[in-house]
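Peer 1: Using the sequences and the accompanying hints, generate a full structural model.
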Amino acid sequence: MKRIYAFEERCLGCKLCEVYCKTAHSKSKNIIKANKYENIESAIFIEEVIEKKSIVYFALQCRHCKNPKCVKACISGAMYKGEDGIVRNNSEKCVSCLSCVLVCPFGAIKVGKDGQTISKCDLCVNYGTSLCVDHCPNDAIKLIEENDDCFTKGRL
Amino acid sequence: MSLDFDVPSFEILRNKNKCIQCKVCIRQCANMVHFYDKDDNIVCSNNVYCVNCHRCVTLCPTKALIVRKYPLEFRENANWNGAAIREIYKQAKSGGVLLSSMGTTKAFPIYWDKMLLNASQVTNPSIDPLREPMETKVLIGRKPNVIPFDDNDELKTTMPPQIELNIPIMFAGMSYGSISKNAHESLARAATELGTCYNTGEGGLHKDFYKYGNNTIVQVASGRFGVHKDYLNAGVGIEIKIGQGAKPGIGGHLPGKKVGEDVSLTRMIPIGSDAISPAPHHDIYSIEDLRQLIFSLKETTEYRKPIFVKIAAVHNAAAIASGIARAGADAIVIDGFRGGTGAAPTRIRDNVGIPIELALASIDQRLHEEGIRNCVSLIISGSIRNSSDIVKAIALGADAVYIGSAALIALGCHMCHSCSTGKCNWGIATQDPSLVKRLNPDIMYKRLINLITAWNHEIQEMLGGMGINAIDSLKGNRLMLRGIGLNEKELHILGIKHAGE
Numbered sequence: 197m198k199r200i201y202a203f204e205e206r207c208l209g210c211k212l213c214e215v216y217c218k219t220a221h222s223k224s225k226n227i228i229k230a231n232k233y234e235n236i237e238s239a240i241f242i243e244e245v246i247e248k249k250s251i252v253y254f255a256l257q258c259r260h261c262k263n264p265k266c267v268k269a270c271i272s273g274a275m276y277k278g279e280d281g282i283v284r285n286n287s288e289k290c291v292s293c294l295s296c297v298l299v300c301p302f303g304a305i306k307v308g309k310d311g312q313t314i315s316k317c318d319l320c321v322n323y324g325t326s327l328c329v330d331h332c333p334n335d336a337i338k339l340i341e342e343n344d345d346c347f348t349k350g351r352l
Numbered sequence: 005m006s007l008d009f010d011v012p013s014f015e016i017l018r019n020k021n022k023c024i025q026c027k028v029c030i031r032q033c034a035n036m037v038h039f040y041d042k043d044d045n046i047v048c049s050n051n052v053y054c055v056n057c058h059r060c061v062t063l064c065p066t067k068a069l070i071v072r073k074y075p076l077e078f079r080e081n082a083n084w085n086g087a088a089i090r091e092i093y094k095q096a097k098s099g100g101v102l103l104s105s106m107g108t109t110k111a112f113p114i115y116w117d118k119m120l121l122n123a124s125q126v127t128n129p130s131i132d133p134l135r136e137p138m139e140t141k142v143l144i145g146r147k148p149n150v151i152p153f154d155d156n157d158e159l160k161t162t163m164p165p166q167i168e169l170n171i172p173i174m175f176a177g178m179s180y181g182s183i184s185k186n187a188h189e190s191l192a193r194a195a196t197e198l199g200t201c202y203n204t205g206e207g208g209l210h211k212d213f214y215k216y217g218n219n220t221i222v223q224v225a226s227g228r229f230g231v232h233k234d235y236l237n238a239g240v241g242i243e244i245k246i247g248q249g250a251k252p253g254i255g256g257h258l259p260g261k262k263v264g265e266d267v268s269l270t271r272m273i274p275i276g277s278d279a280i281s282p283a284p285h286h287d288i289y290s291i292e293d294l295r296q297l298i299f300s301l302k303e304t305t306e307y308r309k310p311i312f313v314k315i316a317a318v319h320n321a322a323a324i325a326s327g328i329a330r331a332g333a334d335a336i337v338i339d340g341f342r343g344g345t346g347a348a349p350t351r352i353r354d355n356v357g358i359p360i361e362l363a364l365a366s367i368d369q370r371l372h373e374e375g376i377r378n379c380v381s382l383i384i385s386g387s388i389r390n391s392s393d394i395v396k397a398i399a400l401g402a403d404a405v406y407i408g409s410a411a412l413i414a415l416g417c418h419m420c421h422s423c424s425t426g427k428c429n430w431g432i433a434t435q436d437p438s439l440v441k442r443l444n445p446d447i448m449y450k451r452l453i454n455l456i457t458a459w460n461h462e463i464q465e466m467l468g469g470m471g472i473n474a475i476d477s478l479k480g481n482r483l484m485l486r487g488i489g490l491n492e493k494e495l496h497i498l499g500i501k502h503a504g505e
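Line by line, the protein sequences are chains B and G.
Residue numbering for the first sequence follows this note's numbering, beginning at 197 and increasing consecutively.
Residue numbering for the second sequence follows this note's numbering, beginning at 5 and increasing consecutively.
Hints are computed from structural coordinates only; laboratory data are not their basis.
No experiment lies behind these values; they were computed from the predicted model shown.
It is possible that part of the hints are untrue.
Claimed, not checked - Listed next, the in silico BS3-like pairs over lysine-lysine satisfying Cα-Cα at most 27 Å (straight line): (1) Lys-198/B / Lys-450/G; (2) Lys-261/G / Lys-249/B; (3) Lys-27/G / Lys-223/B; (4) Lys-261/G / Lys-232/B; (5) Lys-225/B / Lys-211/G.
Peer 2: In structure tokens form, the structure reads like this:
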């Protein structure tokens, strides 16, 4: 299955992906309204690692694991892995126990600002296109298969 | 001293209704113009530092930003205008030479725009390049004086070394150091894919780029940075740089802060040391000296590579070019006074040199008159802005052109004229790793290819319109040009008729 991969050699840390993630997962689907008025947490986020001479940035989001720990840990059956391989959270079933947040080995599930909802990457399947990938100004995030050429060729 | 006469050059207008406080502008500005005010939850801007590079404007996801000229006016005065006054403030503060980047901003006449091309009507058919073959290939190098045949009518000529270009456009010399490694990689990969050449500039050749050697011209300039035997043999040609259009008669200076580990290795100088290129080559004081260098380089490369000599277009360019041709060069590069640079003294950039159009016309004419035009290829540079400039240059007698500024603009340069600061927000004229990263060669080499491919299509269209199916048939064909709004003297120098004649 295709996943979103981040290439830290290319990531500028501009965080535009976060802006567009919020837009894609908003009710209004309007970039200004989504970011100004809707209380959404981005499902992709830029980690900053401060090194000796520079800062390394990389985008982090759900890896859609083969055996997802979050699904196992979910007490209400809200978190599930679909036939398409995408791990999703059914917000209607979610009881906000935050077990998934606790067990995710990547820290890729975030708690919303209200402390009740969780946000995680669903590859924007319902939206039609992964907005973070489309709007990355430096091609640092890509929606690709795990055996894509760019991993083997050594050139991104 | 607290008194500072500096006022902003630009003003940033932020549409508060559109700004979502995503802070992308803050993170993307190397000049630290934007900042976040936590108390009011707004992003603000400090106009003084803005150079108008458009990085924030381009990346702002809601297009909430506009950069415009700062509206502060001095009292109107045609002589003492704002720019003149500000330059004095600057020098009175710094005590230094004024520095500028990129080509001159002064409104000198652009002769390309005063020449018009011909097209076929009725008496000779025009050619549709989409349906019929059209040759844009050029060969750069010395052409033999005679073409002798033996008794069996077989060609006896041995051709001097030639560089075959699919298109008459090459990327001009811009050194690694003045521009970033990613910019160089983009140029190298684009040149390789297009079947043309890029020029290393005088900063040596990074070890990662030797593989693009078949599409590389290596440069030997007065600083001799990074010059060694492998380097000289790495490319398909060698260019001796005597002068540069933006700063004829002036050397170069790469500040030590741009000389990091990689640049230091490539240039063969210590990390952090200023790389100063002297104004003259200290071993060239005459045409005879130049001949010695040309032949030393030919010896080193076993006479397999054409040697270019690059000069700035100056008053006696025609006579100098004649000397260069006789000194044994295989190609002459002439760089006009509108050419770009990473940094040049403003007074030099804006006042020294002559327009490339006039220099080209007079050099081509002179070489023809002396019967040595075949000895050299003529390559011109210095603000080639589009494909019609190229067609006009070829009709005036050029074999090919170099593009520098245009290539950088394709890579994202927004002509903010701040190369010398080393804070290029587009990752071009900088060595700061966090800024260099912004230029992704995978994206940018394709943009270069797109640009040149588009220009090549346009060149073919224009050639076809004139009823010509090969670029060689246009070379020096000045009857295809007509002047518009030019005086007798200008027409005479350009060797063209006025429109209507």
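Peer 1: State for each hint whether it applies.
Peer 2: Going down the list of hints, with the structure as the test:
1. Lys-198/B / Lys-450/G: holds (25 Å)
2. Lys-261/G / Lys-249/B: Status holds; Cα separation ~14 Å.
3. Lys-27/G / Lys-223/B: holds (23 Å)
4. Lys-261/G / Lys-232/B: violated (41 Å)
5. Lys-225/B / Lys-211/G: violated (48 Å)
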